[in-house]
Amino acid sequence: MTEMVYGSVPAGRGDPILPRWWRTLDKWSLGAVFLLFAMGLLLGFAASPPLAERNGFQPFHYVERQVVFGTAALAAMIVVSMLSPTHVRRLAVIGFALAMVALAFLPLFGTDFGKGATRWYSLGFGSLQPSEFVKPTFVVVAAWLIAASSELAGPPGKSYSMAIALLIVGFLAMQPDFGQAALILFAWSVMYFVGGAPITLLMGLAGAVVMAGAFFYNNSEHFARRIDGFLSAEVDPTTQLGYATNAIREGGFFGVGVGEGTVKWSLPDAHTDFIVAVAAEEYGLLLVLVLIGLYAMIVVRSLFRLMRERDPFIRLAGTGLACIFAVQAMINMGVAVRLMPAKGMTLPFVSYGGSSLIAGGIMVGMLLAFTRARPQGQIEDIFARRAR
Amino acid sequence: MMRRPLRPLARILDARAKGENPDAIERENLKARHEQERDQLRAQAEGRLLVLAVFFLCGFAIIGLRMGHLAGSDPVEPRAATTTAKILAARADIVDRKGRILATNLTTHSLYAQPPQMIDKERAAAELARIFPDLDAEDLHKDFNGPRKFLWIKRRISPEQQQAVHDIGDPGLRFGPREMRLYPNGRLAAHVLGGAKFGREGVLSAEVVGRAGVEKAFDAELRDPGRAREPLRLTIDLTVQAAVERVLAGGMRLMNARAASAILMDAETGEVVSLVSLPDFDPNERPRGGPRDDRSPLFNHAVQGVYELGSTFKIFTAAQAIEDGLVSPQTVIDTKGPMTWGRHRIRDFRDYGPELTVEDVIVKSSNIGTARMALMIGGEGQQAFLRRLGFFETTALEMPEARVARPLIPKRWSDIVTMTASYGHGISASPMHLAAAYATVVNGGRKVEPTLVVREVHAPGERVISEETSAIIRGMMREAVVRGTASFGEVPGYAVGGKTGTADKPDPRGGYYEDKVIATFASIFPAHNPRYVLVVTLDEPEETSGEEPRRTAGWTAVPVAAEIIRRAAPLLGLAPEIEDGSAVGVTLAAN
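Chains as they are written, first to last, in this note's numbering: chain A, -10 to 377; chain B, 45 to 635.
Everything labelled a hint here was simulated from the structure, so no lab data went into it.
Idealized CB from N, CA, C, for every residue including glycine.
Treat each hint with caution, since some may be false.
[As the list claims (entries may be wrong)] Partial chain A-side listing against chain B, Cβ under 7 Å, derived:
1. Phe242
2. Leu292
3. Ala315
4. Met319
Looking at chain A on its own, in the form it has when it is part of the complex (with noise of 0.2 Å):
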């Protein structure tokens, strides 16, 4: 009777903490968030050890440095996922405001690993990148603030965020790393659009976000170079880019067989960003496709739990954690099949990586956490409007 009246459990005071948060989540996701980390360490066996080789370690170093980090980020997930929305919210504004001073600070005390951008802190046992965290930490102050606007006489949280988003994007845009920057961006307007705006001023932002990578396409060289690499019809093969569309063609459907694969010897980031190549060389379509499907599933989920959803801020949070996740997996096999220009995306959860591995933890924990069924007192709604 309770379920035929609320639709899903709602959870009562007194409630146990473990068994009412296996009741409310979204253990769909949680189990695909799983296969996925799985799915990573099976590809890390096969993409790492040419770079375990190249910088002098065991075959499976990284594997193993994987294994440890993964189990941080799953236990990050989990925890987050146990909070309350009021604790993730709490948490995660003290979480920006350490990001942000991280991120500021990158240009005094950051390294570019030769890469020619500078995102990282080098800590003794790996690398910290501020902006991983900066992600999913803004998505949630930038919910609060954009719910906070649409109470009475709440604050103007809407032009708050923005501004807080710009800022962001101005940080990202000196180091430079314009792909974060994007996302920034892109997980704003999404949560913006969710949150009421205008359609023409959407359409006007589109139209800013083109003229900005006009210009840094004509100001910046970096930026331009990898443009007119994904412009060009021919597909340099000694490029990443080529060695990848050639690994996916290799491997055809079923793959070459497990180790049998050549890319991961040929591309230096075999490991994060191309891994979806070595993917598709060794095990075929068949495993790219089981890995879309699960990126795909996890955000889809995630959204219709979000469509039921009654608390702006809840509703907000949401969506915007999880265009970050889809958007960011979606870059990362884009660019390896070409559809998109060469951009630095890890791909959440099966990319080798520290820093973004436990960042990918919390984020996909706080969208757990949101995503877990709460009382959305349709019942009342009903005689609401009735009553009025």
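Start from chain A and add chain B according to the hints.
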């Protein structure tokens, strides 16, 4: 949108009357409105979230489809790291008519650098600059430290240079095999062969592409992997070519000409045995660019240049007049000069008296006599005849240069054009046109198409003039050498016949130069049974042994052609006829 006021006066008054707090009404209304707005926002968000979900689903689907499309396609792109290079470097050899090599391939190496793998960039740059003096150490060092991961240093290096680079011992300096086009005879037949260059380049091989001459004309055939073992056999004879080139170069210097060309053609088949254009170049190091003008050594004067070829055309006028039955060699033509036609005046080089026989018109090269014959023929007939001889089209010679050498024909064929064209003015054609037309006229009257490739069977061409007319013309040409303008052309034992032509060069500013001519000698040998046609053209010759410079073909082109025949005829396997040259009914006595 109509909104209910937050403080409806009626309810407030009512509440006051009942002693209740009126602020509660405002709060209640505020709450209701807030909830209403939230519901609206939620409904909107629901729709927009659906849009988002569809958007992402589509995005993932597109990536999946693209992935499937890629996976389904073959890995066709060449990969630098594999051995299966898709660039085919094979190119067939080119040989002369006796199978001697004119162009072949040589495996050399290219030198490239992979700066990320270099150990000591500074030393490598310095050493390279020492081995290759044209490289600059500083530039190299800058390139090595630049962002490029791959850079060409030299496209072709010799084995010695390769060893020297190898001795630097830097792993970032690599060699790639390069098939190189080699012309072992150097400048010999440079214009025929043309030259080659690298086309698409990979690390492991590079395409060799023809740039001009037969290398370009037969590029597809030469590059056909199925025919790589089968050399392209040209009609050129290497030894004859060498002799002709040497004599012509000497003649050009003696006659102070700025350019010269010679074409030696088989009179029956049109096979070009020798084709020389001077100045020439080394096809191994073909100069950059194309032949912009006729001053460039790349310019092929024999095939590419179109000139007014002067009195050599008189043969065609005479042949047509005889063929049409208008005249016989002994018909007397009025040659009293100057001949006026409207405001034009036609003069002869010197006054040959009031009348000459047709044969003497040719032998002495009378413009007036030829013009009168042309008037008898008429403009239309003349045009048709010249068209049948090939003067209205490009020649069929298998060279890209021949395809651009379109004769210059006056648009309106007035009577004055008829007259000037009869002695080779007002109409421009290449020496190759002339050689083919002479071959046609003297070989018994069958049309000849010039060719550079040996064919198994030769189909006789269409008949242009009769055997009899052809024989008469041969006799006239022989007479021109025996007692006419081409008397320096006599080569004992080879019964040379021919016709000279000295044409004033057109001034680009209009009119003609007074002191610049194109001297041409179109000759046949032996005259009674012509085996070969030789056309020698000198551009702006000046023979300065006399008191004043002599420019006529008889003094310039003819002696050069005679020397060529003297040297080339034995090489062609023609035995000199010492005893008797009476086969054509002419006396071989030298005058």
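Hint check:
Checking Phe242 (chain A) against chain B: minimum C-beta separation of about 6 Å stays under 7 Å; hint holds. For Leu292 (chain A), the interface hint holds, the least distance from its beta-carbon to any beta-carbon of chain B being 4 Å, beneath 7 Å. Because the closest C-beta pair between Ala315 (chain A) and chain B is about 5 Å apart, less than 7 Å, the hint holds. A distance limit of 7 Å between C-beta atoms decides the matter here; for Met319 (chain A) the minimum to chain B is near 5 Å, and the interface restraint holds.
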